[in-house]
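Heads up: the protein sequence lines correspond to chains E and V, in order. Here the first sequence is numbered in numbering that gives the first Met the number 0, starting from 0 and rising by one per residue. Here the second sequence is numbered in numbering that gives the first Met the number 0, starting from 0 and rising by one per residue.
Careful: at least some of the hints might be erroneous.
[Said to hold, decoys possible] Okay, the calculated bits of chain V under chain E, using three or more residues with CB under 8 Å as the criterion: (1) 92 to 102; (2) 105 to 114; (3) 132 to 140; (4) 185 to 198; (5) 231 to 241; (6) 256 to 266; (7) 337 to 344.
[Unchecked claim] Distance ranges between label pairs, derived from CB positions: (8) V:E307 to E:S134: 51 to 59 Å; (9) E:S307 to V:Q117: 49 to 57 Å; (10) E:A646 to V:Q117: 38 to 46 Å; (11) E:Q19 to V:Q117: 39 to 47 Å; (12) V:Y326 to E:T777: 50 to 58 Å; (13) E:T780 to V:I17: 33 to 41 Å.
Since the hints were made in silico from the structure, they are not lab data. Yeah, the Cβ is synthetic: ideal placement off N, Cα and C, and Gly gets one too.
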Amino acid sequence: MKFSERWLRAFVNPQENAEQLAHALTMAGLEVEEMHAAAPPFSGIVVGEIRAFERHPNADRLNVCQVDAGQPQLLNIVCGAPNVAIGMKVPCAMIGACLPPSADGDGKPFEIKRAKMRGVESEGMLCSARELGLSDDHTGLLPLPPAATPGTDVRALLDLDDTVFTVKLTPNRADALSVLGIAREVAALTGASLCEPDCTPVAASVPDRLPVTVHAADLCGRFSGRLVKGVNARAATPQWMKDRLERAGQRPISALVDISNYIMLELGRPSHIFDADKIAGGHLHVRWGSAGEEVKLLNGQTVAVDDSVGVIADAHGVEALAGIMGGDATAVTLDTTSIFIEAAFWWPASIQGRARRFNFTTEAGHRFERGVDFATTVAHIERITALVLDICGGQAGPIDDQTLALPARDPVRMRVERCRKVIGIPLDKAAMQAALERLRLPVRDLGDRLEVTPPPFRFDLEIEEDLIEEVARMVGFDNIPALPPKARAAMLVTPETRRSLFDLRDILAGRDYQEVVNYSFVDAQWERDLAGNAAPVALLNPIASQMGVMRTSLFGGLVANLAYNLNRKQPRVRVFEVGRVFRSDARVADGPLTVAGIDQPVMIGAIAFGPAHEEEWDVKARAVDFFDLKGDLEALADGAHALRFEAAAHPALHPGRSARVLADDTPIGWLGELHPKWVAGFDLPAAPVLFEVDTAALAQAPLPAFVEPSKFPPVMRDIALVVDAGTPAGQVLATLKSTADARVSSIVLFDQYRPTKPGGDLGETEKSLAFRVVMQDTQRTLTDAEAESMKQDLVDAVVKSHRARLRA
Amino acid sequence: MSDLDSIVGQAREQFAAIGDAAQLEEAKARFLGKSGQVTELLKGLAKLPVEERKARGEAINRVKNAIEAALADRREALADARMQQKLAAEALDVTLPGRSAQRGGLHPVMRTQRRVEQIFRSIGFDIAEGPEIETDWFNFTALNSPENHPARSMQDTFYVDARDSAGKQLLLRTHTSPMQVRYASLHAAKHRGHETMAPIKVIAPGRTYRVDSDATHSPMFHQVEGLWIDEDISFADLKGVFLNFMRAFFEDDNIVARFRPSYFPFTEPSAEIDIAFSSGPMKGRWLEVSGSGQVHPNVVRNFGLDPERHIGFAFGSGLERLTMLRYGIGDLRLFYEGDLRFLRQFN
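Sequences and hints are given; from them, build the entire structure.
What follows is the structure in structure tokens.
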């Protein structure tokens with residue numbers, strides 16, 4: 000909502016200056032977003048009348064003008080404007096005048112000095128609108144009203160010492176979508192008196208009427224209208240009205256349109272003016288639209304309506320979208336002579352969302368969907384009529400007014416005690432009542448409660464809290480103390496076994512990974528390529544196509560992070576992310592923290608590329624590899640789970656270097672080297688290694704359970720096995736562990752060997768695995784014989800299960 | 000007796016001149032060996048008259064003890080010197096860098112989230128997280144924002160090509176407020192049938208989405224929702240809690256907050272919260288940090304509670320905004336670029 004201070008002060012004129020008013024409005028919830036002067040500062044500009052001019056002797060495009068600027072002598076002024084004319088009144092900058100700084104200048108005011116232009120003395124400057132900073136118009140001199148007296152200060156003449164306010168209104172405050180509405184608020188805040196608009200009835204001078212039938216009371220609760228004959232649509236809009244419209248951000252168009260817009264801005268009353276001669280059949284129908292109907296609107300757009308959209312129709316068809324926008328066919332033009340002025344009450348629910356469906360918004364629709372005063376349609380038509388007759392002439396017919404159904408204004412009761420409880424301070428009843436009455440709300444004192452009947456311009460007062468809010472606003476939020484509550488000192492219990500997402504983040508950060516936050520929506524191609532997902536959950540209204548679908552994997556973002564940093568010459572990149580992925584999954588039902596059909600697990604994923612360690616003075620450099628990340632992942636799971644890894648293929652990963660990650664036999668994610676296809680696709684110099692797993696699997700760690708350490712010495716045995724090169728070491732280890740009895744306290748793989756050339760004790764398709772077994776009894780020292788026997792059991796098991804042999 | 004004194008003197012002198020253990024043993028023999036000087040003196044005792052013998056014997060023994068002591072001192076000194084030499088040879092250049100000292104770190108917005116969690120935990124708030132693809136009910140309707148209501152256009156919503164159980168289009172949550180309803184309903188259900196209900200005190204941080212992208216808006220951002228419902232939690236309490244939260248977060252007791260009336264469908268009275276610092280580059284400017292208010296009675300009903308009995312406040316703050324103010328970051332887009340040179344500054 001944009002309006003000028005002068006306009007506002009025509010309704011309420013408190014002592015507060017513009018700054019103070021802005022602060023008061025902001026602190027009352029009508030946030031003043033911006034305030035600026037209606038015109039930039041300038042001085043020394045007066046009305047000048049061009050008495051004579053002649054071509055500059057040395058320049059074709061310049062004229063030398065004789066200007067009456069109210070001085071005893073005419074001024075000699077050189078001017079290049081094309082629209083110079085004898086008798087024209089224009090802004091004249093006198094010697095010593097200061098013009099506003101030019102847009103591309105140094106920000107300093109431009110001072111007018113006596114100067115010679117191509118040899119001719121110039122005693123001032125004639126100005127365009129742009130030179131005065133009033134508009135962008137630089138096509139010629141700004142024409143001033145012919146009646147202006149030479150020498151008059153232009154600022155005063157054009158009423159330029161004004162301030163434009165831009166107020167950001169919240170959707171509940173429909174009543175403040177007008178200068179009058181803001182004035183009501185200012186009156187309440189400052190105590191200044193409100194000057195009601197003049198809506199003196201205009202008596203009918205012709206009997207003409209236009210019949211209107213309202214077919215839908217749930218669309219239109221009240222319809223008022225009047226014919227005016229014999230108007231001159233070409234009449235000029237008065238300057239004061241143009242100024243106010245322009246300062247409110249509304250471009251003047253023509254007198255009739257301007258009057259309608261003016262009343263909308265001033266009184267919050269959207270109205271529509273039809274060209275009465277173009278209404279086919281001379282009868283209007285207000286009804287819901289029906290499928291198949293179309294209307295070409297004032298903005299040139301043709302829209303199709305249906306039975307959820309209200310229309311005004313005539314014998315020809317739909318002529319307007321009710322409460323939103325008029326139609327092209329019945330719009331007033333400069334040739335219009337007969338008009339029908341309409342002011343109606345449209346139910347908010349019948350307007351809400353309709354304009355948005357057609358992808359536009361209108362000032363009228365904006366107001367009606369929030370609620371417009373239903374009591375004043377006739378009064379406002381009177382005001383519009385008065386302006387029309389005044390500006391365009393004509394003869395008014397009688398007003399027709401039909402009321403079908405209006406919003407009930409049930410009294411709202413506020414308990415004094417409840418108000419105190421919600422606000423939190425011991426306000427007395429009288430203060431509450433005074434606050435409500437300042438807002439022009441009729442209040443009844445019912446003892447322990449106050450009753451308010453909401454006026455027809457308020458659509459936001461329906462329940463007790465609505466009144467409490469008004470009391471709090473008028474008391475001033477600043478006057479409510481900041482009191483930290485007294486609360487029971489109940490302890491907050493965090494289960495010791497829970498590992499938070501921050502615990503997980505700390506583990507990866509401690510292992511030299513940097514956290515990133517990537518968008519949850521990604522390029523559909525990443526989903527296809529890196530997740531093998533041809534049918535991701537897609538956004539219906541993405542801001543860009545590369546952010547079009549919801550990710551099912553963190554991989555795409557991580558690879559992009561790598562590419563981004565490589566492009567910035569970062570040789571070593573290790574990043575991780577914690578975030579949700581989104582999978583269509585019919586098994587997911589609605590629950591306290593779930594949405595049916597969409598699985599949204601929180602994943603943790605990481606990528607590493609480049610040297611395994613930062614360059615160091617005595618560490619041999621090597622590239623990070625699969626087993627580095629496997630170690631990082633195992634460290635992440637440590638305490639929660641012993642992870643299991645099985646070779647499996649994943650669309651993003653190198654088929655021979657990728658593993659499905661399992662916790663307790665449930666797949667929780669993937670680990671592997673990026674597939675060479677994507678290494679090339681992302682233009683990476685080498686393959687990074689990445690993993691991602693579901694954090695749910697890592698969220699619980701068992702409570703530590705104490706076991707008495709053995710007092711007896713451990714016995715160690717090494718087992719060197721030869722197996723087929725294709726036998727996974729993890730399976731051999733698993734066999735050993737499942738065979739081992741309770742006295743085996745650990746089995747560790749400490750060496751793997753594959754011959755690089757033939758001729759040793761191993762065949763070409765064999766490898767050797769060496770395990771260290773630690774055995775310890777809690778009750779006594781193990782004998783050699785026992786240790787050997789235990790070792791033999793282990794060896795027998797792997798010989799049997801994996802066709803292993805002992806290495807000689 | 001001067002002969003005896005001079006023997007001790009000689010011994011000390013000779014021992015001191017020796018820098019080697021073997022030579023020291025040879026020198027020892029010269030005094031204490033079979034034919035060493037002290038041994039010779041002892042042998043000479045027999046020739047003395049009985050009455051002199053005792054005194055002379057004691058004097059010689061003192062000499063012997065003194066020489067042995069000198070010998071031990073010298074042995075220790077030599078061992079010390081050897082040790083010193085060995086240690087000097089083993090000395091390290093302690094100024095060489097330590098090995099594998101690198102650590103990564105948390106994203107600055109996550110750092111902020113953790114601080115916010117810690118601050119609210121300290122006054123007994125639980126932490127909850129929930130779904131980001133949401134239903135119309137939780138994101139809007141349950142929060143008193145019915146379909147077609149103009150308040151919905153305050154937020155530009157991303158919709159996805161899937162529908163909820165009621166047939167309505169699913170969406171990306173536009174705020175963390177759905178978690179108010181999810182958490183509070185769960186809490187209320189847990190206490191149903193009980194005489195009293197433990198207060199609802201929770202913060203819900205997480206990702207949120209709006210159709211908006213420029214230097215000051217990101218289509219994805221983070222909010223933290225706060226909710227405190229009990230039998231008597233007022234607007235004045237909201238002011239107190241939030242002011243203290245800001246002072247704790249910025250570690251600045253001079254921060255002032257101002258509450259401006261505003262409108263959110265799910266709170267009433269509603270307030271925008273601005274804060275101002277008393278020093279630093281932002282001194283004196285009002286900075287919008289949060290929306291807040293007393294939870295609307297319709298929303299309390301949607302929690303499954305009776306608004307006559309349970310009242311309280313909710314607030315929602317942007318974590319990016321808090322992070323930018325805390326560290327003086329000027330451009331929102333830096334948070335989502337994944338630039339290591341930026342991210343490492345917060346480790």
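Structure-based check of each hint:
1. 92 to 102: holds (count 6)
2. 105 to 114: Three-residue rule met by the stretch 105 to 114 of chain V, so holds; n is 5.
3. 132 to 140: holds (count 3)
4. 185 to 198: It holds, with 3 qualifying residues against the three required.
5. 231 to 241: Per the Cβ count (10), the hint holds.
6. 256 to 266: holds (count 7)
7. 337 to 344: holds (count 6)
8. V:E307 to E:S134: 51 to 59 Å: holds (58 Å)
9. E:S307 to V:Q117: 49 to 57 Å: holds (51 Å)
10. E:A646 to V:Q117: 38 to 46 Å: holds (42 Å)
11. E:Q19 to V:Q117: 39 to 47 Å: holds (41 Å)
12. V:Y326 to E:T777: 50 to 58 Å: For V:Y326 and E:T777 the Cβ distance comes to about 55 Å; the hint holds.
13. E:T780 to V:I17: 33 to 41 Å: With a Cβ separation near 52 Å, E:T780 and V:I17 fall outside 33 to 41 Å, so the hint is violated.
The structure fails to meet hint 13 from the earlier list, while all remaining hints are met.
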